[in-house]
Amino acid sequence: MAHLISKSRRLLEKRILFSAILDGRSKVSSVFQSRMIPAAGFCGGKLEAGDTILVGPRGGRFKSIKSGEQVQFFPSSSSSDEDDHHDDDITEGLDFPGGRVTFTPQKSFISESSAKRVPCYRVLDDDGYIIRGSEIEQVSKEVAVKMYTGMVTIQTMDNIFYEAQRQGRISFYLTSSGEEAIGIASAAALMPDDVVLPQYREPGVLLWRGFTLQEFANQCFGNKQDYGKGRQMPIHYGSKKHNYMTISSPIATQLPQAAGAAYSLKMDKKEACVVAYTGDGGTSEGDFHAALNFAAVMEVPVVFICRNNGWAISTPTTEQFRSDGIVVRGQAYGIRSIRVDGNDALAVYGAISTARKMAISEKKPILVEALTYRVGHHSTSDDSTKYRTVNEIEHWKTARSPIARYRKWVQRNGWWSDEAESQLRGDIRKQVLQAIQLADRTEKPPLEQLFTDVYEDFPSNLREQEKSLRETIRRHPQDYPPDVPV
Amino acid sequence: MALRKFGRLSLISRIGKRDFSIASTSEGLIEKADSKSINLFTAVNQALHIALETDSRSYVFGEDVSFGGVFRCTTGLAERFGKKRVFNTPLCEQGIVGFAIGLAAMGNRAIAEIQFADYIFPAFDQIVNEAAKFRYRSGNQFNCGGLTIRAPYGAVGHGGHYHSQSPEAFFCHVPGIKVVIPRSPQQAKGLLLSSIRDPNPVVFFEPKWLYRLAVEEVPEDDYMLPLSEAEVIREGSDITLVGWGAQLSVMEQACIEAEKDGISCELIDLKTLIPWDKETVVASVRKTGRLLVSHEAPITAGFGAEISASIIERCFLQLEAPVARVCGLDTPFPLVFEPFYMPTKNKRMISFPKGSVLRTKVHPHLAISPPLPAEMPPLFLPPKNKKVVGTKLGFS
Ligand SMILES: Cc1ncc(C[n+]2csc(CCOP(=O)(O)OP(=O)(O)O)c2C)c(N)n1
Ligand SMILES: [Mg+2]
Chain B
3 MAHLISKSRR
13 LLEKRILFSA
23 ILDGRSKVSS
33 VFQSRMIPAA
43 GFCGGKLEAG
53 DTILVGPRGG
63 RFKSIKSGEQ
73 VQFFPSSSSS
83 DEDDHHDDDI
93 TEGLDFPGGR
103 VTFTPQKSFI
113 SESSAKRVPC
123 YRVLDDDGYI
133 IRGSEIEQVS
143 KEVAVKMYTG
153 MVTIQTMDNI
163 FYEAQRQGRI
173 SFYLTSSGEE
183 AIGIASAAAL
193 MPDDVVLPQY
203 REPGVLLWRG
213 FTLQEFANQC
223 FGNKQDYGKG
233 RQMPIHYGSK
243 KHNYMTISSP
253 IATQLPQAAG
263 AAYSLKMDKK
273 EACVVAYTGD
283 GGTSEGDFHA
293 ALNFAAVMEV
303 PVVFICRNNG
313 WAISTPTTEQ
323 FRSDGIVVRG
333 QAYGIRSIRV
343 DGNDALAVYG
353 AISTARKMAI
363 SEKKPILVEA
373 LTYRVGHHST
383 SDDSTKYRTV
393 NEIEHWKTAR
403 SPIARYRKWV
413 QRNGWWSDEA
423 ESQLRGDIRK
433 QVLQAIQLAD
443 RTEKPPLEQL
453 FTDVYEDFPS
463 NLREQEKSLR
473 ETIRRHPQDY
483 PPDVPV
Chain Z
425 MALRKFGRLS
435 LISRIGKRDF
445 SIASTSEGLI
455 EKADSKSINL
465 FTAVNQALHI
475 ALETDSRSYV
485 FGEDVSFGGV
495 FRCTTGLAER
505 FGKKRVFNTP
515 LCEQGIVGFA
525 IGLAAMGNRA
535 IAEIQFADYI
545 FPAFDQIVNE
555 AAKFRYRSGN
565 QFNCGGLTIR
575 APYGAVGHGG
585 HYHSQSPEAF
595 FCHVPGIKVV
605 IPRSPQQAKG
615 LLLSSIRDPN
625 PVVFFEPKWL
635 YRLAVEEVPE
645 DDYMLPLSEA
655 EVIREGSDIT
665 LVGWGAQLSV
675 MEQACIEAEK
685 DGISCELIDL
695 KTLIPWDKET
705 VVASVRKTGR
715 LLVSHEAPIT
725 AGFGAEISAS
735 IIERCFLQLE
745 APVARVCGLD
755 TPFPLVFEPF
765 YMPTKNKRMI
775 SFPKGSVLRT
785 KVHPHLAISP
795 PLPAEMPPLF
805 LPPKNKKVVG
815 TKLGFS
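Protein sequence lines correspond, in order, to chains B and Z. For the first sequence, counting from 1, position 122 maps to 124 in my numbering; every step adds exactly one. For the second sequence, counting from 1, position 81 maps to 505 in my numbering; every step adds exactly one.
Here chain Z stands alone, though its shape is the one from the complex (with noise of 0.2 angstroms):
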């Protein structure tokens, strides 16, 4: 129920003011369109039809594709294009993205399918060494900018080690790469267009929690949504959080119950991991003064380190308290404990000493690591001239 009103909500910002580098429709087209209600496995559905009708030169494979998919996301595609265009590999992740960025180096569209983000490893050379490199190494003789590479991410409830992971952070190591991440239905089909016509190679994670469980008004005709373009999708003035995919829903919860404390949150769906928008992100921080970003994937070393990093080069001055990480912990992604290991709306951040934003000040490195505290210090003070009540959100 939560997401289906996260969806609606979301629907409130749709599309926006935006300039599509090749949209085929126009803003004032997509607000008259046509629109269903529909979950988020059938929009990738949506995007794919598209993106096979609009371009006789797309091809869409991968393990077990021509049935439909194990997540349905494919249904209907080998019947509509032909087996020809949509078919199933043989079971071998390196096959799937080496045969792709040939045929993508030969001038089509390649949208390959990784059954599992967690089975996407056996590929991660050639996606690391080969897609990203491909222009570079070449002088810009050659390029695979037509490989999107779709693979299903993230918990589920009870996938355990291997059908829960989020990888997102070792693909953001990669200059020559995109990496984007759809909250929506309405923005999964708009960013996987954007991404399968986007001149480069993009890694696209579907967040496969939300493939039945989102429900939202997605027009039916083509659009694209602009990647490296991040969004506010809820306007505050006390915190910045940032996320992506799954996660934003239950962001979105926090910031409802903040609301009820009286803390204002502005909530910002980054949507293209790399490159990033970061200039949204400043801009919301200069104003809040605090940041909070969440990932489902371990801590260390997630995307979210990058942001604080980033965010603490830019706004050292306006920060009024540490940029909090609220993410997966540092384990394997485990089955019966993922409700445990789950950053969840009440989870807080991790550590931060007393009077840290006043060492930080003076000594930003202390801020990377800090020593253990001994109680857990307010993450968060109240805003100013407001009485808060309460410490249901952790930042009490």
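Isolated chain B, as found in the complex (with noise of 0.2 angstroms):
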């Protein structure tokens, strides 16, 4: 090691020495100073093992000369006189940690983009006819029934919590809509034992594993039967039983946290991968660089779902990245990835059922980039047209709706029909309302669920805390809410 760095050094302070010769100036041309400069603190001699396989790599792209043409200027590696050089090197290339690297006296710059943006790949046409050519997953009757009606079910649910919102029975919503393909085809492609960890978008996911319409309202209301006991704002849904992690609000934090989750299934030998969602913004935040980074270094089965939508909020992502996308950033990891149509539910369940095997089969993360658009306002605290324009939204709920299109797909193999649909949503709307009336009516968790789960036992400062805000409540009833049980 000591010797590759102590040789790299002298190739880079060679390097920087034929450059300013060959720009015919005594002075480092401007482009060349710029990506050398991780040089200069690597000469300066505060260097750690990983900078080296940084500086080796890039210095070997500004290379301007053709082996044998001209002065050859790798210093010999018996040698300590610098003028004394071979062109070994040149030909063979560098063992460097990672591989063997390659030379090339071209001193060519990798595109910040590539000629063409990564393709998408989808199966279902706008009309909803399969693509000719397309690599499809077979999806049987039922699980593709059971696709559509889920979609619709979040449609549907969507619809009136939001309004249940607006009437002010619960205290924020948040709609899925315009990427209902996403959580619901996502999860017809996985398997019970694939455990998610969401990012807040995806109650699609929860509803294929059996999640009810009532465990949904639960939540939203805060009631006793909810299972994160009333603590937590509405949507925050979590379920030990259906693998599915509880959703936490500070973005891009259960990321990393899903390559800890999948190298456990590692260990374990489980057959069985982490799914963790992002949204486009979520990919900003140093989170996902330490989750793609950790899963690619640990070889763990996890899939990263990364819904990109658009928007954050009214950040659009022109002003989220400048990469094309997310997909690209796999590869500088060493994760392989997919771009796919998030409103082709075929698609997703096909890119998914892939995505899950390999990383079963290889103990690999994969990376998804599922190309879609957040319909809705972000939450029921946004007006998303402050930022927006209307047609915009409509194109999208309309022409590109992933429910309709995958509804022509499945009503064209005789497995839907109209009756069927007004039937599903008269039928879905009244369970939702029924969910709603009864989670309205339970009554909130008891008083003592304040205190419980800090810790998984109860410490003494808990309890006597407890025990001061019983007594103050016995003097003072008028000043708390008389559905909280005490």
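Hints were generated in silico from the structure; no laboratory data involved. Warning: the hint list may mix true and false statements.
[Claimed, not checked] Short, incomplete list of chain Z residues facing chain B, as computed with Cβ under 10 angstroms: (1) Asn-512; (2) Leu-515; (3) Glu-517; (4) Gly-519; (5) Gln-539; (6) Gly-584; (7) His-585; (8) His-587; (9) Tyr-765; (10) Asn-770.
Keep in mind that this is a model prediction, so the values were computed, not measured. Yeah, the Cβ is synthetic: ideal placement off N, Cα and C, and Gly gets one too.
Dock chain to chain to rebuild the complex, using the hints, since each chain is given by itself in its own frame.
Shown next as structure tokens:
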């Protein structure tokens, strides 16, 4: 290693010198200079093992000399005389951690973007016809219909819960409008043992796994049946029995956790993977970087699914990143990735099925970018017409609706009908309304649940505080909401 | 309604007779200046307009800032000052603060918004290890004094775990930054302008509950309120109450109720948590002999603990009762249980042993962790020569 370091260092020093000569100037060209900044610190002697990995191959791109034609500049490993050059390295390249790096005399920078954007895997065209030559994952009638009813259920639930918030019956809500296919179809491609770490716009996964409308309503109303015991804001679902870890509002925190959870599956030799969801905004957080890098280095079975819906509240993706979306990030971390049409349920299903298989059989992370659009406002606290046009929203809501497109395909297969459609929508509407009524009537969790679960046990400070609080309530009952049983 | 009242009340003691370090208007001007009745987010918005107007090297940025911000604090700024000076950032708090530090280190005023104080933690490293030590570690060759981090904090009635927290104490443990929290629209504008112009990095927490709710007459022009100066916003003789931000309006109500029972309360707004104005609090406690500190953050290791310790150090002989803290519970901030979690006016100090006053005098450390009492004793003795009826305030 020490040898390698000193060799690389001399290489870099040489290169600076050389470029200056070639440029015909005594000063290093500005482009060159900016690329060489890491080398300066490196030459300064503050070097850690990790640094060499960067400096070596990067330096290798600066050469503008053809082997044999011009002065050789590689110092011999056996000689301290730097003018004594050999051309072995030029032909053989450099052994470097991670594999052999070949040399090139071309001073070519890797472009900031490729000439063509990464294409998007799609199976159904806008009219719900299978595109000729598509690689399709077969879906049975049963699964296909369940996917359709799932999407309609989420859509109906969203509409009614949104209204319930507007009426002040719940404090907050957030829809999956326009993104129904991602949640439902990705869940359909998973197995129940796969552990899900959601962001917050993926209730479809829970629904697919059997979380009932009543369970959704209980959480949103924060009643005593809510598994989260009324402690979190609406939509922060979580269900142990559905292998769906409880949602937390801070963006992207679930992503590195997913790598850790996947490491556990790998150590336990489970035939399962972890699936972590994030939004396009979420990919800007440091945690996203940490997650991808950890997952790659630890070689864990995790599928990262990014819903690129164009917006992070009011921030368009053009102000979020300048890469070709999310999919291209995978390669930089050594992670296989695919871009998929998030509004094509069959494509999502196919991509996730394969991603899952690869993740589990190869013990590797996979990154999936699903292109979609957030048709609704960010949440009930938002009015998205303040920052985007109604036309844009309408276009995605109608022409690009994932539900309408998928329905055409299901119906053309003879698996669905107009009668089934109206029956389904009516039934679900009724069920959602019933669930809301019951959730509203169900009492709030008892006061003791304010203090439990902070720790596994019940430390004395909390015991003391509960006692004191109860005393205050006894004296001033009018200060406290009557619907929480004390 | 109570808040409006509170707002007006604070107006009485508005601005104060102080020299502003870089004040662009004198007190006289402020008195004469046109003022309008506005809410807290509008006051913040005015301050940001003035900051951008008066210094061409100032910038405002953060998540969703361009369209006005999720709390409307940055409305109109991008239109007025352009996208180069007011802009959205990627969704990355460590990036926002790191970027802001770099910008500030080059001699600019970087006014960074963190969308919610609950989401400031990814930036904790940048604030604690970088911003706070930038000057010190370089022997004052470099500084990022132009940095101001704004973040809405505190309860809002339905925010649950992650839209309610009061993380001020974490930052009060960090020498090198200032922590400022306004209680009202007028305070918000003057303190924010001071924070922006202060030559030190400042973390400025805005009580989001008051963004719309608190309405107050606010001078329209450029004025600043001094940092590290507490303000006695209500004079009294029996007990000193110290708080900051949204909690002050709750404490104000408590003072009013106490008055009915014949207890005279002195209420102090600390405004700047570090470096804090000990002298004002000490002077008050020397007069009243009793101190109650209140904050929304969990009681354990909250900034109330620091105030309590400092006052016991300085006023030990004048104290007639243990220092009381009425604070948030030692639980995560809960949704449904929020009214139970909050330090309300009727909440009394958690617990004190009978006779702790006496014992404290012998063994000061006993006051820090008193044994659990069987019965809740009176926290505050009634003022001498006064007959007190009722226990409304909890300091019967
Ligand atoms: C750490 C953190 N910072 C800021 C926020 C506030 N916030 C909530 S959602 C959101 C946008 C997220 O956008 P994206 O990841 O694209 O998901 P989408 O809402 O589009 O599904 C922001 C900024 C947060 N929850 N957590
Ligand atoms: Mg998004």
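Hints and how they fare:
1. A distance limit of 10 angstroms between C-beta atoms decides the matter here; for Z:Asn-512 the minimum to chain B is near 5 angstroms, and the interface restraint holds.
2. Using the Cβ-Cβ criterion of 10 angstroms, the hint placing Z:Leu-515 at the interface with chain B is satisfied: the shortest such distance is roughly 4 angstroms.
3. Of the supplied interface hints, the one on Z:Glu-517 holds, with its beta-carbon coming within about 8 angstroms of a beta-carbon of chain B, less than 10 angstroms.
4. The interface hint given for Z:Gly-519 holds, since its Cβ lies 7 angstroms from the closest Cβ of chain B, which is under the 10 angstroms cut-off.
5. For Z:Gln-539, the interface hint holds, since its Cβ comes within 10 angstroms of a Cβ in chain B; the closest pair sits about 8 angstroms apart.
6. With its C-beta approaching chain B no nearer than about 4 angstroms, Z:Gly-584 sits inside the 10 angstroms limit, and its interface hint holds.
7. The restraint placing Z:His-585 at the interface with chain B holds, with a minimum CB-CB distance near 6 angstroms, inside the 10 angstroms limit.
8. The interface hint given for Z:His-587 is met, as the beta carbon of that residue sits about 7 angstroms from the closest beta carbon of chain B, less than 10 angstroms.
9. Using the Cβ-Cβ criterion of 10 angstroms, the hint placing Z:Tyr-765 at the interface with chain B is satisfied: the shortest such distance is roughly 7 angstroms.
10. The interface hint given for Z:Asn-770 is met, as the beta carbon of that residue sits about 4 angstroms from the closest beta carbon of chain B, less than 10 angstroms.
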